[in-house]
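Asks: What follows is the residue order along each chain.
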Amino acid sequence: MIVAILVMIAIGTVLAAVLASSSSTAQRQQLLTERINERLPQTQCGRCTFTGCKPYAAAVARGEADINQCPPGGDATAKALADLLGRPPKPVDPRFGAVLPRPLVAWIDEPACIGCTKCIQACPVDAIVGASKFMHTVITAQCTGCELCVAPCPVDCIEMRTVTDVALS
Amino acid sequence: MKTALHGGLRLPGNKQRSTQKPLRLIPAPAQVVLPLDQHAGAAAIPVVKVGDRVLRGQLIARAESEISASLHASVAGTVRAIEPRPVPYQRNAPSTCIVIDNDGSDAAASAAAVDYAALDPRALSEYIGNGGMVGLGGAAFPTAPKLRRGQQGDGPQLILNGAECEPWISCDDMLMRESAQQILRGAAILCHALQASRCIVVIEDDKPIAERAMRAAQAALHDERIVIQSVPTIYPAGGENQVITTVTGLEVPASGLPSDMGVLCHNVGTAAAIARWIDDGEPLIRRIVTVTGSGISEPGNLEAWLGTPMSELIAQSGGYAGSIARLLMGGSMMGLALPRDDLPVVKASNCLVAALPADLHLRGTEMPCIRCGNCSEACPVMLLPQQLHWFARSHDFSALESLGLMDCIECGCCDYVCPSQIPLAQQFRDAKPALIERLTSRQQALQARQRYESRDERLERIEAERQAKLAEKRKAMTQNTTSGG
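Chains as they are written, first to last, in my numbering: chain A, 1 to 169; chain B, 170 to 654.
Hints are supplied without guarantee of correctness; some may be wrong.
Derived lysine to aspartate or glutamate pairs resembling DMTMM-like cross-links, with alpha carbons at most 25 Å apart [unchecked claim]: (1) B:Lys601 - B:Glu420; (2) A:Lys118 - B:Glu632; (3) A:Lys54 - A:Glu64; (4) A:Lys79 - B:Asp599; (5) A:Lys79 - B:Glu632; (6) A:Lys118 - B:Glu626; (7) B:Lys601 - A:Asp75; (8) B:Lys218 - A:Asp165; (9) A:Lys79 - B:Asp565; (10) B:Lys601 - B:Glu632; (11) A:Lys133 - A:Asp156; (12) A:Lys54 - A:Asp66; (13) A:Lys54 - B:Glu252.
Computed footprint of chain B on chain A, listed as stretches where at least three residues anywhere in the stretch have a Cβ under 8 Å from a Cβ of chain B [to be verified]: (14) 38-49; (15) 82-92.
By construction, these hints were calculated from the structure, which means they are not laboratory data.
Each residue gets a CB set at the ideal place from its N, CA and C atoms; glycine is no exception.
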């Protein structure tokens, strides 16, 4: 009887140790970060107060950020995160920015561009091409509409437009 | 092992009325309207200006993208306007069109005849593309990119599609009856362009006259590469992937193209148009249109110059008989309802049906789904329309994606057999754009993520390099001071 109990306890301890080592908290958090990141729009705009989508995903996984801080993703992303994390869904917090009905892309007024490369350095997805003292332009297909290039421009020649307006211009 | 086509329907063909009279070329109208995006893919870019004089057959818009087709003037005259006009293939969304006033001179700019056998296959497919060729079966997919894809790999099998399974349409039937030689000439040209060793011409068994004509032409030609094959008449056996399944027994995968399996399918009308371009130098500027339906006085097949108003074709067919319930471009199953009849004939206009209420499979009041499963038995691509219906109603796009909504060919078999009269195909057609948008935005997000991550990596690497250089400098400086001191 005693032997049997001891054997069972020994087996249980060994298995528990195996289980614990195979999925440490860090690993689980990394996996969760990855799954949260998959559901984010990858705009990389930083409106959630983090530097990009992945850092925000990591913060949500650690429980340091809420699920409703992503205006580009809108309520759909907030709901997807709620589903994933088993929490009640909530609308996007307006403090982080307005939810736009239609995505915008950056557009450079090329004759006005002085070629300072400030916007190129600001673009999180390398969607602006150009060189120092040469005109810059936005690769519309790669632009996520994060608006990070608008503020650094010293001559205010960048504006946000709808994709159709850019295609027509 | 051969797998027959799943599902499908045996429908009344209604083709006899329009095949009584021979094919007739109708006179060019006073004005033609030629939409720049009348083919699948990107719109062509105009190469003429308003006020320019153009000849019949002259290039007026060039294909600038990978998937696009050139456009040629179908009459000689003056370019009146380049402006948005209503088009038959999209509702409430005008497209940019080149409008040409016919000056009646009929001056043609024919290219010289080409010895195709002397051309290398790649050059030949480019040349075919210069003729503005697109698939004439109804989808208007540009021919040149299709040939380019077919050339990868070694000598695919060519299938010429003359099945024409949809009710009412008979333009391919009439073409095969009257221009069998031209079709086979086109087949030989396509075989050379693709280096294909075999070409199967597929004809449904409800077209015995066309089949006889094709067999006679083939016997006269002595081309062993070309085989005529008769297949049972089942709707939608004439769809591209369905023809391939019927002939080869292979199923085209959801994520693949026929060319991945070494098969390439072209419409018989496309083959004839290619022969006309190579031999006579006439680009794609006219096509055969079936004008039929119980609401037409004298149904038949007319050869019309592109851009001719459809009302002209109807007038040439004796006008309307009775008050029509609906005017369709295409057949009665997949045709598009047209809001008016002054729209231009485009490369995709294979048929006009002026339907009286009796011609239409009119549905009664929609009832709830009883899950009888008739629709999934009829579905030729083996989907589960009853499930798709459920998720389309609740806008559950991830479920629609995993149930294969994107593979739906919108043939309408499911709602034809539905006892609850649910407009299933219409629901699926409506749900597709939203699903496509989701799929593309997911693709874009993936790209943005990769670009963000590689930029991050690059910045980190540059920073590390800078630090390393700094450390080296510092080390050198301290060494200098110690050795110097």
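Asks: Work down the list of hints and note, for each, if the structure agrees.
Replies: Now for the hints, and whether the structure bears them out:
1. B:Lys601 - B:Glu420: holds, 22 Å
2. A:Lys118 - B:Glu632: holds, 18 Å
3. A:Lys54 - A:Glu64: holds, 14 Å
4. A:Lys79 - B:Asp599: holds, 24 Å
5. A:Lys79 - B:Glu632: Violated, at roughly 38 Å.
6. A:Lys118 - B:Glu626: holds, 20 Å
7. B:Lys601 - A:Asp75: holds, 22 Å
8. B:Lys218 - A:Asp165: holds, 24 Å
9. A:Lys79 - B:Asp565: holds, 13 Å
10. B:Lys601 - B:Glu632: Roughly 46 Å between the alpha carbons, so the hint for B:Lys601 and B:Glu632 is violated.
11. A:Lys133 - A:Asp156: holds, 16 Å
12. A:Lys54 - A:Asp66: holds, 14 Å
13. A:Lys54 - B:Glu252: violated, 47 Å
14. 38-49: holds (count 5)
15. 82-92: violated (count 0)
Violated hints for the displayed structure, listed by number in ascending order: 5, 10, 13, 15.
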